[in-house]
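For the sequence shown, our numbering assigns the number 228 to the initial residue and increments by one for each residue that follows.
Incorrect hints may have been included.
Quick list of the computed label-pair ranges, beta carbon to beta carbon [unchecked claim]:
no., residue 1, residue 2, range
1, Leu-299, Lys-250, 43 to 49 Å
2, Ser-244, Tyr-455, 51 to 57 Å
3, Gln-529, Glu-297, 49 to 55 Å
4, Ile-362, Arg-277, 48 to 54 Å
5, Glu-519, Glu-287, 22 to 28 Å
6, Ser-470, Ile-230, 36 to 42 Å
7, Ala-251, Ala-308, 22 to 28 Å
By construction, these hints were calculated from the structure, which means they are not laboratory data.
Just so it is clear, CB atoms sit at the ideal spot from N, CA and C, and this is done for glycine as well.
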Amino acid sequence: MNIDGLESFLAVVANKSISKASKALHITQPTLSTRIRKLEEELDFILLNRSWGGIELTEEGHFFLPYAVELLGELQDAAFALTGDNKISYQLLSSIADSKNELRIGINIWLAPVFNHVIIPFMQTHFPHITFKFITRPTNVLKKLLEYDSIHFSIHFENLAKTPFLCEHLLQDEVVFLCHKNDVPLLDGKLANASKLDKKFIVFEHAALTNNLEKVSSVLSKLQEPDYQMVDDVQNMLAFVESGYGFTTLPRSILYHMNFPRMANIAITPIEDINLTASICFEYREGGPFQEAIGQLKQELQRYAKVMYKEEELSI
228 MNIDGLESFL
238 AVVANKSISK
248 ASKALHITQP
258 TLSTRIRKLE
268 EELDFILLNR
278 SWGGIELTEE
288 GHFFLPYAVE
298 LLGELQDAAF
308 ALTGDNKISY
318 QLLSSIADSK
328 NELRIGINIW
338 LAPVFNHVII
348 PFMQTHFPHI
358 TFKFITRPTN
368 VLKKLLEYDS
378 IHFSIHFENL
388 AKTPFLCEHL
398 LQDEVVFLCH
408 KNDVPLLDGK
418 LANASKLDKK
428 FIVFEHAALT
438 NNLEKVSSVL
448 SKLQEPDYQM
458 VDDVQNMLAF
468 VESGYGFTTL
478 PRSILYHMNF
488 PRMANIAITP
498 IEDINLTASI
508 CFEYREGGPF
518 QEAIGQLKQE
528 LQRYAKVMYK
538 EEELSI
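Sequences are here, hints too, so could you generate the full structure?
Structure follows, in structure tokens:
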């Protein structure tokens, strides 16, 4: 991703003008326009509509904007932490210098609360001499980190992105209804009955949870012209469902993101007229460091996955 392009895009949005943005960045207008054009070519969609009336965001631009702000902010935060004469920089650099001796565990943001409470005590009990660290990122980022040899293994949802590494399935996470308890009789376990609710279908717009577009399409094809509510946060989604405002379909592991006060009004039920699962994988590089720990931890997670749905906290 072109950082100059991101800065230029955000400057235009902030100033609502290419001329004002170019002055703010101390570059010429043609240079700024070229940066944005190259960014749009890289993304393969248009971010800004340019007319005599001014500059306005496209629909794609509106969707991309928060990610651009977040990405540039994270890059600036990382640069600040790694530069300057301050204690944070020193401690962080010291940690990086010793990173070759730690087991780096990649785990999908959605799945972190599902598995970290198994991984931590296992490592403490069986490999207390090994320092380990969680790298919590979206699935495609984790796959890239494996490619760059920045993490030793990854736990994530399977998707269409292929890698050359060893990939073993941990479990099939069932896709279920999440709705207000009063809506269960009307749904009767069928997506085809969703129109009877006359409520909004809650859709995650956060890219971190978008893994299998064909499965999303399967759900949407069963819904008859639903009214949508976009959310980008799990707790916001739970609030919409708990209040009876809407319903959604998600992997069953959503239970690990829920607290008991909200559980009282939220029902989690199977979907009978469409068979959807989200495959959770354990992916690792063969022959790398920490092979004994990785192998035993994989077996422990596989044992855990076999009884996962039998646990009281995951019962439907």
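Find the hints from earlier in the document that the structure breaks and name them by number, from lowest to highest. Violated: hints 1, 2, 3, 4 and 5.
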